[in-house]
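The opening position of the sequence shown corresponds to residue 0 in numbering that gives the first Met the number 0, with each subsequent residue numbered one higher.
I should point out that these hints are in silico values taken from the structure, not numbers from a laboratory. Take these hints with a grain of salt, some might be off.
Each computed BS3-like pair below joins lysine-lysine, with the alpha-carbon atoms no more than 27 Å apart [unchecked claim]: (1) K41 / K157; (2) K91 / K164; (3) K42 / K231; (4) K109 / K164; (5) K109 / K41; (6) K91 / K157; (7) K157 / K109; (8) K91 / K116; (9) K109 / K42; (10) K42 / K116; (11) K231 / K164; (12) K91 / K109; (13) K116 / K157.
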Amino acid sequence: MAVSSKTQTLQITDTEYSADAVEWCPVDDWNTVLACGTYQLKKPDGNHGEEKSDDPHMRLGRLYLYTYDPHQLFSPVTELQRIETAAILDMKWCHIPLSDHPVLGIANAKGALELYKLQSRGESCQVELVHSMDVGDDCLALSLDWSTGRRENNSPIKIICSDSKGRLSLVHVGESSPSLDIQCQWGAHGFEAWIAAFNYWNSSTVFSGGDDCLLRGWDTRSTPDHPIFTSKRHSMGVCSIQSHPLRENILATGSYDEHVLIWDLRQMRQPVSDTHVQGGVWRLKWHPTESALLLAACMHSGFHILDNASDGCPIVSSYVLHNSLAYGADWSTLSPSCNSPTNPEPASLPANKPDGIGSDGAAPNLDQPMQNLKIFYESPTASFDVILEDEHGEYLPETDPVKKDLDNKALSENSAEYGSANTSLVATCSFYDHVMHVWRWQWQMTQSGE
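Produce the entire structure from the sequences given, and follow the hints as far as they go.
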């Protein structure tokens with residue numbers, strides 16, 4: 000079988016600060032809500048732009064909350080709320096409500112794990128900070144993952160969090176407040192622990208990846224002094240991991256080495272597939288209902304959709320309309336009938352054809368030389384810690400990617416071609432150009448060679 004597919008941009012939003020995380024709320028009746036997190040390095044206040052080399056730099060962030068209206072063909076995304084925060088490294092929604100409310104977990108640059116409760120506000124909704132907990136001194140909280148016991152009976156709700164000191168923190172989540180309590184914390188990697196994730200089918204097992212190029216598994220039923228396995232298969236830092244929520248024993252990992260590996264947990268000596276995606280793999284997301292599909296945010300090479308049902312897990316579609324580092328990506332759990340307007344069914348779909356922004360100059364162009372751009376490298380990624388300010392300390396956007404004359408109608412001019420074929424709604428965001436895209440992916444399974 001082969002996949003014939005097409006993408007269509009629905010809306011582009013300027014996040015002002017550099018965008019690195021985007022998450023659709025997966026809770027029923029709330030899945031039109033979309034959150035976006037940002038990370039901006041700002042130099043300390045000084046006189047006439049002067050600064051000392053030992054002055055600390057501030058990592059600022061902003062949390063955005065949006066809503067998606069499936070009945071709006073043009074400009075379907077509306078901002079509901081923005082909150083000034085510490086810089087956000089990662090965020091994920093709990094897949095079940097806590098105390099009858101969806102809850103968003105955030106890992107930030109102050110080394111804190113935060114919980115935000117989503118609740119109705121009249122005809123709208125907002126998030127409110129309900130709990131914050133430090134995972135350690137002088138560190139950045141880098142990633143988090145939830146275990147909600149969806150595949151187990153009576154399993155407590157937990158969070159695994161990784162930090163820049165190479166540690167993992169296993170956190171118990173109290174449902175009533177909700178509250179946070181560290182059950183155990185241990186050193187997992189010699190450098191930054193970029194990513195941590197649960198085995199969704201066995202919550203006592205967690206996985207971690209670090210800048211030491213190691214992929215590791217841990218048994219948390221006892222003090223995790225030693226990993227249950229260590230893989231050196233990736234040749235650079237491991238920065239993305241996700242257990243398959245629909246298929247037991249399947250694990251996806253990604254690295255700065257530009258490879259996505261699919262593993263069978265019953266034998267971890269070698270991966271079952273290895274896909275070169277031409278960019279460092281910052282985030283991986285399995286499709287919420289189609290078990291073969293994997294979404295990858297691949298830094299310099301954009302966003303790719305892989306087909307794990309085909310030999311070698313090939314790339315079947317790409318979204319390359321971002322002009323900067325591809326960091327955040329997520330599938331919506333909205334059903335195709337909700338996120339696709341009613342239109343005549345297409346006769347056929349061209350393979351991997353991106354629509355929406357053509358060669359007429361509507362897309363933002365970052366190839367122009369930029370002035371007053373100062374770069375401060377601190378992390379091994381050489382990307383997060385970048386200062387974009389003028390000589391007076393004022394925030395200086397790298398470019399203005401969302402011009403007032405940008406016509407969302409033009410982005411959706413080909414919408415009449417969409418029909419009742421398989422359709423998914425996707426949100427992605429990129430870093431230096433500080434933009435979030437919401438787009439639609441439509442695909443059909445065809446016989447090979449058609």
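Against the structure, the hints:
no.: 1; hint: K41 / K157; verdict: violated, 33 Å
no.: 2; hint: K91 / K164; verdict: holds, 21 Å
no.: 3; hint: K42 / K231; verdict: violated, 37 Å
no.: 4; hint: K109 / K164; verdict: holds, 13 Å
no.: 5; hint: K109 / K41; verdict: holds, 14 Å
no.: 6; hint: K91 / K157; verdict: holds, 13 Å
no.: 7; hint: K157 / K109; verdict: holds, 21 Å
no.: 8; hint: K91 / K116; verdict: holds, 12 Å
no.: 9; hint: K109 / K42; verdict: holds, 16 Å
no.: 10; hint: K42 / K116; verdict: violated, 31 Å
no.: 11; hint: K231 / K164; verdict: holds, 20 Å
no.: 12; hint: K91 / K109; verdict: holds, 17 Å
no.: 13; hint: K116 / K157; verdict: holds, 16 Å
Going through the hint list in order, the structure does not satisfy hints 1, 3 and 10.
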